[in-house]
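Enquirer: Model the placement of chain B on the given structure of chain A, informed by the hints.
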Amino acid sequence: MNRTGAALSDNQNYSEAETPTTGRSLRKTLLWVLVSALAVLASCSGLVSYLDALTEANELFDAKLAHSARVLEAFAHRENPDNRQAEALVVEVWRSDLSGRGEDLVTADGHAYETKLSFQAWSHDGQLLLRSSNAHSEPLAPLVAGFADIQIDDQSWRTFTLQNRDGEWFQTGEDRAIREELAEGIAQSALLPWLLAVPIMGLVVWFVVGAACRSLERITEQVAHRDPERLSPIRADQAPMEIYGLVQAINGLLARLDDTLERERRFTEDAAHELRTPLAALKVHAQNLSTSRNAEESERSLAGLLSGVDRSERLIDQLLQLARLDPEAAAPNGVVSHSIDLGECLAQQMADLAPFAEQRRVCLQLHRPTKTEHIIGDEATLSVLFRNLIDNAIRYGPEGAEVDVHIHVDEGKQSVEICDQGPGIDAASREAVFRRFHRGLGSGQIGSGLGLSIAERAAERLGATITLSPVTEPGLRVRVLFPSE
Amino acid sequence: MRVLLAEDDPLLRQGIVDTLSRAAMTVDWVEDGPSTLRALRDASFDLLVLDLGLPLIDGLEVLKRLRADGNAIPVLILTARDRASERVRGLDAGADDYLGKPFDSAELLARLRALHRRQRGAAASPIVVGRVRLDPAAMLVRLDGRLVELPRREFALLQLLMEQAGRVLTHQSIIDKLYRWDEEVDSNAAQVHVHHLRKKLYPELIKTLRGVGYLVPKDAVSDAPT
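Sequence lines, in order, name chains A and B. For the first sequence, the working numbering assigns the number 534 to the initial residue and increments by one for each residue that follows. For the second sequence, the working numbering assigns the number 26 to the initial residue and increments by one for each residue that follows.
Source of the hints: derived by calculation from the structure; they are not laboratory data. Note that the structure is predicted; figures quoted are calculated from it, not measured. There could be a bad hint or two in this list.
Said to hold, decoys possible - Interface residues of chain B toward chain A, partial, derived using beta-carbon atoms under 7 Å:
1. L36
2. L37
3. Q39
All residues carry an ideal CB built from backbone N, CA and C; glycine is no exception.
This is chain A alone, in the form it adopts within the complex (with noise of 0.2 Å):
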């Protein structure tokens, strides 16, 4: 991750307060988890497992110790009381200083763990009658019948006492050690196998998560050295199928990007060809003006002149239109759809093309139906496909003609017709006036080529679509359809 902003940083120079703050490392995060999950698990296992031991010892060998009370009761019993030694009998236990596990604790002898049991067997009047060597001289426990849980010098026994029919008491006891040892041991056993995973499973997340990041670290950097002028795909090749879905996004943003980037170019270099026209005419009748030697040359150049700057004027207005109707340049709040009333926005249109018709003697009609009609759209983009169109029908149709507009609904479908009498279009240029700088020939008037481009753009924005009359019209009647709503 930091190599990655390494990268960026260095091919970008972003600032420091650009740089966004990194979330923690992906490899760092799985590591933990997993070491932590382990964990638990191992500590649960070993847990259980221990409590089940202790809980299965305790069982086996408080049954034994019983086992051991009765059998010391039918060996010890004595019928007779008077039978009795005044010295209290006592059983050597082997002992022996082997430690260690097992077998280790194991002679022909006996059992190094013999220390850690111990009996007692008292008369009914309380005197010793018989311990094993390691017992004290008094009772393991108090004399009452059953199990119990004692201290004899600091360390935690399990005592059993018995009694029989002539009163006399018999003890068993074990060092709970034993048991717990056990169970320690078992516990053990189970722990150490995830204790094994933890390691193995670190190495094995440190590598995969490695890899996986080797090929992020390649497609970063394919990413890096990517340049708007050459936006080639990104190769994925062996990328994981996780992160070749973020390839694919990317690349399909890059091939929209660039196609973007493209047509932009295109149309830039149009717009500054588009300019230089118009722009040689403006430069040629000014040097005309200069070096006209009477009035009437001087008048003939300025008009030349004005009506150029009016084209520029026109030009750049119309570039404008185009751009701002560009698909990528929405609007920064979005567009904005309300309801808007057609006539109301058409006779608008109309009013602010009253001027220009004046000029070319044209007469401007709208023909409204009785009902208003209204559609659902943007009202600038509405306002500039109306413009467009009619002041298409003002300046390519004949002087001191007419100009007729029409709002229609067929089969609850409004359209808006406009007609003028102009030339019409041909066959052959049908589909060439909808291209951006396409001139007619012959018309006489200059335009900019792009009333069409930008009305057909305009209305592609409300969903409408423009038709153009049949080749056997006089004139030219161009149809708005707007879209059902």
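Expert: Just chain B, lined up with the frame of chain A:
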């Protein structure tokens, strides 16, 4: 000098026509490819100013067809597309010169004069015949070093005769070079202009071949007042 201008933009066309006319050139214009080819077949022009972005048949194609037909008229290409590669294409297709829009009127005129001069095989720009010195660039005529004011048409006629000094120009060829298609021409127009020129300069400069035409002799030295 008679020039054909092929340009589809009306405003620019009008400007260029004004510029050239004021420089005593006779300019006719066309606005598409086919009319350019037709005009060149039907009339004699000294120069063609050709816009590349012509409708129907574009300028480059017009030029190729022209050269394929063996027409050697000097051609100056006028275009908005003036990248080096475009210029190379234009020149390789047979153009003699290339000018990008927007251009300087003075440069356009100078290039046209240069093309015309090269066409005639002349080296020097001012033409001197006898006691008369004519400077096409400055549009000035001097007689024995003294400035003589001439209207455009008379200047154009004098230039025509002096450029072709020693050759006879018929009435018709003179009219062809001096008048546009759309101009009304009096039957004796050439005669009237020659009359004025003789009066403003000196009579022996222009000789009349009755019923044929006029000529400026190469050694048109008159008995100048000494």
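Enquirer: With reference to the structure, classify each hint as holding or not holding.
Expert: To see whether the hints hold, each was checked on the structure:
no., hint, result
1, L36, "holds (4 Å)"
2, L37, "holds (4 Å)"
3, Q39, "holds (6 Å)"
Violation of the numbered hints given earlier is absent; every hint is satisfied by the structure.
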